[in-house]
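Enquirer: Sequence:
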Amino acid sequence: MSVLVQDVLDALEAIAPERYAFSRDKIGLQVGDPRACVERAVVSLDRSLASVEFARERGAQLVLSHHPLLYHPLERLTPHDHASRTALALARYDIAFIAAHTNWDAAVGGVNDALASLLRLTDVSPMGDARSETRTKVVVTVPREATQAVISAASGAGAGEIGAYQRCAFVAQGQGTFVAGSGANPSIGGRGAPETVAEDRIEMVCPGRLRRQVEAAIRDAHPYETPAIDFFVLPDEPTMPTGRIGSLPKPTSLLAFAKELDDVLGTRSLTWGDPERMVQRVAVVGGAADSQWRPARAAGADCLVTGEVAQHVALEAGEEGFALLCSGHYATEQPGVVALAERMKEAVPSVEWTVFEPRPGFAGRPF
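Per this note's numbering, the sequence shown starts with residue 4, numbered consecutively.
The set of hints was computed from the structure by calculation and includes no laboratory data. Misleading hints may appear alongside valid ones.
Ranges between beta-carbon positions, derived for each pair [what the hints assert, rightly or not]:
hint	residue 1	residue 2	range
1	Ala219	Gly192	22 to 28 Å
2	Arg43	Arg280	46 to 52 Å
3	Gly211	Glu263	43 to 49 Å
4	Leu121	Glu16	23 to 29 Å
5	Ser5	Gln178	50 to 56 Å
6	Ala259	Glu319	34 to 40 Å
Quick caveat: nothing in here was measured; it's all calculated off a predicted structure. Glycine included, every Cβ here is placed at the ideal spot set by N, Cα and C.
Start from the sequences, fold in the hints, and give me the full structure.
Expert: Next up, the structure:
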């Protein structure tokens with residue numbers, strides 16, 4: 004059976020849900036047809052021309068990249084800027100492009116879990132910024148014989164999910180009354196006469212982003228011509244934080260930890276803090292995440308490992324006694340790319356998955 008780009012998107016949604024991504028992030032299918040077939044795919048940290056050429060050489064139909072290709076609308080498709088050149092190359096070779104960015108940073112087993120695992124951290128837990136998701140509760144009344152059909156329709160559109168449970172609904176019995184006007188086409192009773200119907204009141208939670216499709220699904224399944232559907236706004240709920248915090252096997256000096264970090268990641272870290280200071284609780288947030296030092300400190304971390312640190316951030320953290328280790332964007336996120344490829348192999352085994360690792364000094368990888 005052929006695997007479609009849409010099948011890959013569905014598998015990715017189960018691994019790194021869209022709701023984990025920051026609201027301004029650009030993820031998902033950015034180039035290509037969701038109905039196209041996929042036999043081979045390349046997983047890459049960056050949306051580089053080199054990764055596209057690598058995919059072409061291997062006969063791949065898809066590039067799954069951590070970093071998105073399109074952050075802003077393109078005014079023109081010409082070979083004069085990087086994003087346009089890359090998009091043109093993808094179209095020329097008929098290669099689809101999918102981005103899994105902050106949703107994969109935050110996901111279980113994602114970028115920061117992979118980094119924590121490499122550092123042998125224990126007692127690892129989520130830490131740091133998380134997207135807040137708007138939640139609603141949908142309430143609808145329905146004739147009792149149609150209750151289960153409406154619950155199934157709403158659930159199929161994304162309502163009724165609480166933690167690891169699906170199709171969650173509260174049902175209360177009551178009576179509904181109405182008078183059908185001259186222009187109505189009632190499914191129960193006739194026009195002009197009062198009707199009383201045994202009805203159920205159904206309540207289900209619904210992510211705000213799914214409100215329209217849940218409402219449409221309820222209307223399609225509901226026997227009434229004009230069902231009464233209400234949405235009530237609930238307090239926002241944070242999703243999975245992007246960072247992780249855990250413990251080293253034993254306390255060690257900041258200097259010794261920095262050396263071990265470099266050995267594990269194959270990099271040369273810049274470190275701010277007292278070299279002799281003992282550290283054990285370590286926060287990790289791959290990529291450009293120096294802003295996470297305050298949440299890391301609040302979570303009880305002794306230091307933060309990240310990929311980029313601005314000078315003013317290093318100054319502020321240092322003057323407040325918090326240690327920072329800057330190990331490079333590539334070094335802190337490439338392990339997560341390898342982990343993503345492994346997860347996709349498990350989820351879509353009929354596709355041949357290959358990790359793109361550029362030569363040191365090229366395509367975003369430093370030496």
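Enquirer: Each of the hints needs a verdict: does it hold here or not?
Expert: Outcome of the hint check:
1. Ala219 x Gly192: 22 to 28 Å: 26 Å, holds
2. Arg43 x Arg280: 46 to 52 Å: Since arginine 43 and arginine 280 have Cβ atoms about 48 Å apart, the given range 46 to 52 Å holds.
3. Gly211 x Glu263: 43 to 49 Å: 44 Å, holds
4. Leu121 x Glu16: 23 to 29 Å: 26 Å, holds
5. Ser5 x Gln178: 50 to 56 Å: 52 Å, holds
6. Ala259 x Glu319: 34 to 40 Å: 25 Å, violated
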